[in-house]
Amino acid sequence: MTATPSIAVGYASESGNAETLARHLTQLLHDQFQQQLPSQTPAITCLSLDDLAAQVAHADILLLISSTYGAGDIPSNGGHFLSELKAKRLQVQEKQMAVLALGDRAYDSFCQAGRDLYRLLAEQGAHVLVPLFEADTSFQPTYNQWLSRLLPRLGLAVPEKLLAFSKTYSAREPFLATLTHQHRLTSATADKDVRHYVLNISGAGIHYQAGDSIGVMPVNSRQRVDEVLAAAGLQGNEYCRRADGHDGPVAELLSRHIELTTPGQTMLQWLAEITGAEWLQALLHPSQVQALCQFQFTADLAEVLRRVAGQVDPLQLLARQSGLLPRYYSLSASPLSHPDELHLTVATLSYSKQGATVQGTASGWLASLPLGAKVPVFLQPSPLFRLPEDPDRDVIMIGPGTGIAPFRAFLHEREQLQAGGRNWLFFGERHRASHYLYQADLLRWQLRKELTRLDLAFSRDQEESVYVQHLLLQHAAEVFAWLENGACLYVCGDKTRMAADVDRALRQVLVEGGGMSVADAGRYLLRLRMEKRYLRDVY
1 MTATPSIAVG
11 YASESGNAET
21 LARHLTQLLH
31 DQFQQQLPSQ
41 TPAITCLSLD
51 DLAAQVAHAD
61 ILLLISSTYG
71 AGDIPSNGGH
81 FLSELKAKRL
91 QVQEKQMAVL
101 ALGDRAYDSF
111 CQAGRDLYRL
121 LAEQGAHVLV
131 PLFEADTSFQ
141 PTYNQWLSRL
151 LPRLGLAVPE
161 KLLAFSKTYS
171 AREPFLATLT
181 HQHRLTSATA
191 DKDVRHYVLN
201 ISGAGIHYQA
211 GDSIGVMPVN
221 SRQRVDEVLA
231 AAGLQGNEYC
241 RRADGHDGPV
251 AELLSRHIEL
261 TTPGQTMLQW
271 LAEITGAEWL
281 QALLHPSQVQ
291 ALCQFQFTAD
301 LAEVLRRVAG
311 QVDPLQLLAR
321 QSGLLPRYYS
331 LSASPLSHPD
341 ELHLTVATLS
351 YSKQGATVQG
361 TASGWLASLP
371 LGAKVPVFLQ
381 PSPLFRLPED
391 PDRDVIMIGP
401 GTGIAPFRAF
411 LHEREQLQAG
421 GRNWLFFGER
431 HRASHYLYQA
441 DLLRWQLRKE
451 LTRLDLAFSR
461 DQEESVYVQH
471 LLLQHAAEVF
481 AWLENGACLY
491 VCGDKTRMAA
501 DVDRALRQVL
511 VEGGGMSVAD
521 AGRYLLRLRM
531 EKRYLRDVY
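Numbering of the sequence shown is given in the UniProt record's numbering, commencing with residue 1 and proceeding in unit increments.
Since the hints were made in silico from the structure, they are not lab data.
Hints are not guaranteed to be accurate.
Under the rule of at most 25 Å between Cα atoms (straight-line distance), these lysine-lysine pairs were calculated in the DSS-like manner [to be verified]: (1) K532 <-> K495; (2) K353 <-> K192; (3) K495 <-> K353; (4) K532 <-> K192.
Please model the complete structure; the sequences and the hints are all you need to start from.
In C-alpha cells, the structure reads:
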C-alpha cells in the first residue's frame, strides 16, 4: 500500500470474544505498521459498531468482527449500525472491508450477524479485501487464518507469531483434565457452597496466563436425563441426529450434548409451527419477551415434552433443542506457582424450579465428582485482562465473592515475579466467619508484604449492609492517589449489579478524592480504559 488510509476496527460483542479480538487486531496492526512501515502507519480506531456508525464516513478501511446472539441477531452494541446499514444510511461505497463472523455451529443461525454485515456491505459497493471468514466456538485458529489473509492485503508481512494460542482444544474437542483436589471454601453451615478445585493438565500443552479463563464441558445428571427420557417416552437407545453434528443414542446426547434445564427459543418456535399450540404462539409473540424469559427460567425440557406429548416426534424435538454449552471460570492460580495445574473457584448454584431444588448443571456436576474423575476443559484466553507488563506498577483489585479468583492468580504471579509494585485488594462476601474465601492465603500475603492493602466488606455482619463500593468511597483520596501514581485497576465478578455499582463508586471517588466534576470523572475513567488501566472481567 502506498497511501496511509485510516482503518476502523469495529466489533459487535455479547460475551466479549469479538471485542477481545478487535482490540487484539488493533494493537497488532499498530505494532506491525510501526515495525514494517513506520512512515505509512495509518490512523487506527477500535469501536463498537454502534459507535462506529457515526464515524464510518471518516474511515477508508472497515475491519469488522461480530458474534451472533439469540436467533441470528447481532449483539446489542451492533444493532444500530446494522439498522443504519440496512436503511442505506451509511457511506460504505468504495470503502474496503473484511468481516470475521463468530458463532456456534450448535445453532441454526450460525454466524448470521456476520453474514448479514458482509452481504450488506458488499451489496452497497464496499470492496472486499478478503472473503468472509466464519469461526466456531473455538475461534482462535480461524482468527489466525483470517489475519494471514488480511495482513498481506494491507501491505504487511505476516509475523511469525500471531495470537499465541496454546494447543487447540475446544468445546467439541476438550482436554480431559484430572480432578486431583477439591475442598469447600465456605463453612459447612454457610448458605453458599463455594469450592476450590485443582485439575491436573500434565501433557496437555495448555499454556495459560494469569487472568485467563477455562471452559468446562459439563455432564447432565443421570436424574435429569431419566426425567427427559420418561417425558419423551423413550428408552434411551433410539438414534438421534442433531443439526449441530452430534448424533448417536439419545441417552448419550442428553447426557453430554443437549441443554436440559432451559427450553431453547428456536426449538419452541419450531414446536409452535408444528403443533399450532395457542399457548406457545402467545408465548412467542414479540410483546411477550418477559413472559418467554420467565417460562424458560421456570420450565425445563421435560416439562415441554410432557405438554406436547403425542403431538410431535420427541426425537425431532430433541434434535432442535439447544446444545449444552460450556461454562467458563476464571483461573485462580498462576502457572508460575502451579505448573501443570488449573485452579478453579466455583460457587455451587442452587435454585428452585417447578417446586424442586435444582443445582447448576456444571457447578453441581463438579461438586459431585470423586477425585481422579476426568473433566473436559479448554482454554479461554483473556488478553484484555492481564497484569501490567511493568512488575513495578501498582494494582488495585476489586473482586467480591468468586470474583476473587483471578486476583488470587495475580497475587501468586506477582509473588513469583517478586514484583515491586504495590497490591491493594477489595474483597466482599456475606459473613466473615463463614464466607471469607482464601483467608489463609490473603493473611499470608499480608504478612509477607505481598498484599499492601486488604479491605474487606462482609455485608451481613452488621445492621447496615456494607459492600466493596462503600469501601472505595471510604478510601477515595487514597484510591485516587494510587491511580494518579499509575496504578492499574481491575474489577471481576457480577455484571448485573456489582460491576455497575463499582463503576458508579469509582466516578464518585474521582469527584470526592480528585476534586473532579462528574463529566471529568467519566472522561478520566475512559482514559484509564484506553490506557488499559481499567480492566474488567464481569459475567
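To see whether the hints hold, each was checked on the structure:
1. K532 <-> K495: Since the Cα atoms of K532 and K495 sit roughly 19 Å apart, the hinted pair holds (cutoff 25 Å).
2. K353 <-> K192: This hinted pair holds, its Cα atoms lying about 18 Å apart.
3. K495 <-> K353: At roughly 23 Å apart (the allowed maximum being 25 Å), K353 and K495 satisfy the hint.
4. K532 <-> K192: The hint is violated at about 34 Å.
Consistency note: the structure conflicts with earlier hint 4 alone.
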